[in-house]
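> Listed in order, the protein sequences are those of chains A and B. If you count by this note's numbering, then the first sequence holds residues 1 to 343, one letter each, in order. If you count by this note's numbering, then the second sequence holds residues 344 to 868, one letter each, in order.
Incorrect hints may appear among the rest.
Mimicking SDA-like on lysine to any residue, the simulated pairs with C-alpha atoms at most 25 Å apart in a straight line are [to be verified]:
hint, chain 1, residue 1, chain 2, residue 2
1, A, K142, B, N419
2, B, K366, B, N419
3, A, K230, B, D716
Okay, the calculated bits of chain B under chain A, using three or more residues with CB under 8 Å as the criterion [what the hints assert, rightly or not]:
hint, stretch
4, 688–699
5, 703–715
6, 718–724
FYI, nobody ran anything at the bench for these hints, they're computed from the structure. Here the structure is a predicted model, which is why all the values come from computation and not from measurement. Ideal Cβ placement from N, Cα and C applies to all residues, glycine included.
One letter stands for each residue in the lines below.
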Amino acid sequence: MTTTLSTEQPLIRRRRAIRTSFHALGMFPILVLISLAFQFMSGYTETGSLLDAWTSGRFLTMQNLSIVMQQASINTVLAAGMTFVILTGGIDLSVGSILAASAMVAVMVSLVPGWGMFGIAAGILLGLFLGAVNGGLVAFGKLPPFIVTLGSLTAVRGLARVLGDDKTVFNADLPFAAISGNAFLGISWLTVMAFAVIVISWIILRFTTLGVRIYAVGGNEAAAKLAGIKVWQILMFVYCASGLLAGLGGVMSSTRLLAANGLQLGQSYELDAIAAVILGGTSFVGGVGTIWGTLIGALIIAVLSNGLILTGVSDVWQFIIKGLVIICAVALDRYRLMGSGRT
Amino acid sequence: MPQELEKPLRTKAIPLLRMRGIKKQFGPAFALNGVDLDIYPGEVHALMGENGAGKSTLMKILSGAHSCTAGTIEVNGRPVLISGPTDAKTLGISIIYQELALAPNLTVAQNMVLGQEKARFGFVDRNATTTACRKALDELDVDFSPTDKVASLSLAQRQQVEIARALLSDCRILVMDEPTTSLSSRECERLFAIVRKLRAQGLAIIYISHRMDEVYDLADRVTVLRDGRYVGSVTRADLSEERLVQMMVGRDLSSFYQKDRNTGYAPGATLLSVRNLRDGAKVKDVSFDLRRGEVLGLAGIVGAGRTEFARLVYGASRVTGGTMSLDGESIEIRSPLDALQAGIAYLTEDRKHDGLFLDMSVSANVNIAAIGDDSKAFGFLDSAKEKSRTAGAVREMKIALSGPQINVGALSGGNQQKVLLARLLQTRPKLIILDEPTRGVDIGAKSEIYRIIETLAHNGTGVLVISSDLPELVGITDRVVVMRDGRIEGEVGGSTGTPITSEKIIAIATGTAGRDGHPLREARP
Chain A
1 MTTTLSTEQP
11 LIRRRRAIRT
21 SFHALGMFPI
31 LVLISLAFQF
41 MSGYTETGSL
51 LDAWTSGRFL
61 TMQNLSIVMQ
71 QASINTVLAA
81 GMTFVILTGG
91 IDLSVGSILA
101 ASAMVAVMVS
111 LVPGWGMFGI
121 AAGILLGLFL
131 GAVNGGLVAF
141 GKLPPFIVTL
151 GSLTAVRGLA
161 RVLGDDKTVF
171 NADLPFAAIS
181 GNAFLGISWL
191 TVMAFAVIVI
201 SWIILRFTTL
211 GVRIYAVGGN
221 EAAAKLAGIK
231 VWQILMFVYC
241 ASGLLAGLGG
251 VMSSTRLLAA
261 NGLQLGQSYE
271 LDAIAAVILG
281 GTSFVGGVGT
291 IWGTLIGALI
301 IAVLSNGLIL
311 TGVSDVWQFI
321 IKGLVIICAV
331 ALDRYRLMGS
341 GRT
Chain B
344 MPQELEKPLR
354 TKAIPLLRMR
364 GIKKQFGPAF
374 ALNGVDLDIY
384 PGEVHALMGE
394 NGAGKSTLMK
404 ILSGAHSCTA
414 GTIEVNGRPV
424 LISGPTDAKT
434 LGISIIYQEL
444 ALAPNLTVAQ
454 NMVLGQEKAR
464 FGFVDRNATT
474 TACRKALDEL
484 DVDFSPTDKV
494 ASLSLAQRQQ
504 VEIARALLSD
514 CRILVMDEPT
524 TSLSSRECER
534 LFAIVRKLRA
544 QGLAIIYISH
554 RMDEVYDLAD
564 RVTVLRDGRY
574 VGSVTRADLS
584 EERLVQMMVG
594 RDLSSFYQKD
604 RNTGYAPGAT
614 LLSVRNLRDG
624 AKVKDVSFDL
634 RRGEVLGLAG
644 IVGAGRTEFA
654 RLVYGASRVT
664 GGTMSLDGES
674 IEIRSPLDAL
684 QAGIAYLTED
694 RKHDGLFLDM
704 SVSANVNIAA
714 IGDDSKAFGF
724 LDSAKEKSRT
734 AGAVREMKIA
744 LSGPQINVGA
754 LSGGNQQKVL
764 LARLLQTRPK
774 LIILDEPTRG
784 VDIGAKSEIY
794 RIIETLAHNG
804 TGVLVISSDL
814 PELVGITDRV
824 VVMRDGRIEG
834 EVGGSTGTPI
844 TSEKIIAIAT
854 GTAGRDGHPL
864 REARP
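All chains should be modelled from the sequences, with the hints used to inform the complete structure.
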């Protein structure tokens, strides 16, 4: 046994190293490729000449890239929460609705004279509370996450509409509007916040016992229980995190619009968040995935939206193309699982 | 190893199957490196070897699932090319895998003719099908009908369906891959009877097994593989346990079982005391004491409630009555976490289902139960401690791996089991419950696990071993309590004065003996 192992080892290790780096890189090459393609195509639509297409492209400009990052920021924050949930093998369909309800509350509280800044806390806390309700139903009610959050998708949407009497609330003097302003070098505070959320999530997943246990619960819940892990605590944490980050997303979007509308805001945001997570290589059955992958996934979606507009693709086709990308993402997920098939 | 090579005795007969110099390369690594195999009609040929020796790969080549890199296959003296399952079937080769391949939602007959339905003008001829299937099933003397749904059958019955399916397709070479893994001892006897009958009919049976007693019982010849190489073949007359073990492991295991303690049975003070424990279902009334430094066996037939009892002690299921005390203090265990904190660890019987995190690293798997105690402020991992724990475990348990960050799913069964055992030891338990500790584990890892058990007991840990492998219980325990139908039915060894023997355990477990282990009537007439 020892003889074969010693001859096989370097080889297996090298093959594994290649596979790991392929996994780690994940969708990053695709992000780069799409970006380069949009640079070329946007230039071509502008000039109609293949020679000038690259130099006159409007995609790879500092200004456009900072716009892309800002557009990606809210979805990145939602997708970070979604990553936690999907890593445990669950799903949170309610983030779009929670975002709407939180934005409503944030804007409404911001209108209270002297208490305006508390809008931020109010929005985030509402998100946390709604996430805790989801988590409680999943962890203690033992209900399937899909059903629970499908229910709250609808119910919280209703709540968001009730909050503003089904009307749009405005606050032109939003006290925390500066959040959507520039931090430095034309980069928005929204982008900075999204990046901070990713870094904090990474620290939790990579360096804490909580992180290891999240992967463990997603990898094998029965084994996690026998290993002495309080599975309910882990489930509560991930749904609370997802809710809280959806609440933060609500506050962020209120600063961009200086308004909130319970009916339209955040519609189908959950799908973009899920798509970002899956594009990032996180397995739908849980236990496998990284937060950096999620960031790349969110950037790919933002690049697609932005690039398709720059190249003049019509609104209808944008939907079709984005949908196909999500399907391809799931196909990739399957392919990856097959690649890591074990004996 | 050439001194171990032996020419088959029956050289005058043409073998039904002759495999010569079979090599299989996965990338630059050889899974098989020159394997020979001769199979004659009317023989049961056991194929043995540790996990990873190449048995499964060889059978996959035979079934057409893999193609071989080099080597020849002859059937009835004619060279053949097996490039797919259909080829194998045409040549009369059928394989029954460990994981049975039946559609539970279909009937027995539908399963048996799957892919070769008897049809007239495209319509399934149900009568002809049922008749043909009934004939094949009758040969095996089964107690179910071709029109039964497979979902309603037991595992043993499903296996019979697979055998009947092979017979129906005019199979001449039947390969059985560890067929007894999930069968009770009665079902095993039944299976052996069928195998003998098929042998009498002239079928060649390739029988893959880890279990020595089965091989003794059944095999006419044994071929041993090691590290993808052909080690040798032995006929029934030359068969001995020492010889086989030596061939499989490649070294002499003079003391395979570690116990040499029968002379001085002197365990310490009472560690675990269980009184009238029950769960309102499978566990009805269990009382016994386990002492420090004692290896106590828990025997019983499948369904006696042994695993259910273990999970009860570990807090994985709910106690409805009875009491437990550990070290003289009454304890109440409501969750596995309570158990771990009280100093009780449990090795599950099914490491893949509720033991290991296959997609996580060896390091994470070893540390997962202990990281809570190690962690620094704000729950940050103590990676230095984690590394040293893993390195220590790999060294002590002799886990073979290329690095601590490799996924547990990529390891062999024996190494996986060692990783799981290493995790339990990180919590420094006073009492460790091992549920089928050597199931699906190769013989090298097995002796390693026995050594660990012995060391634990020597250091004062109480060890409760649940096992269906009777020679194992006899070989490693100080005392055995036997469960039957949710109750402790008897006890052998220790201070009872009755020596531990397989016969006595079976007699108590099946209810053919009094509490002291004396048979009331013969277990096997």
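> Need the list of violated hint numbers for this structure, in ascending order.
1
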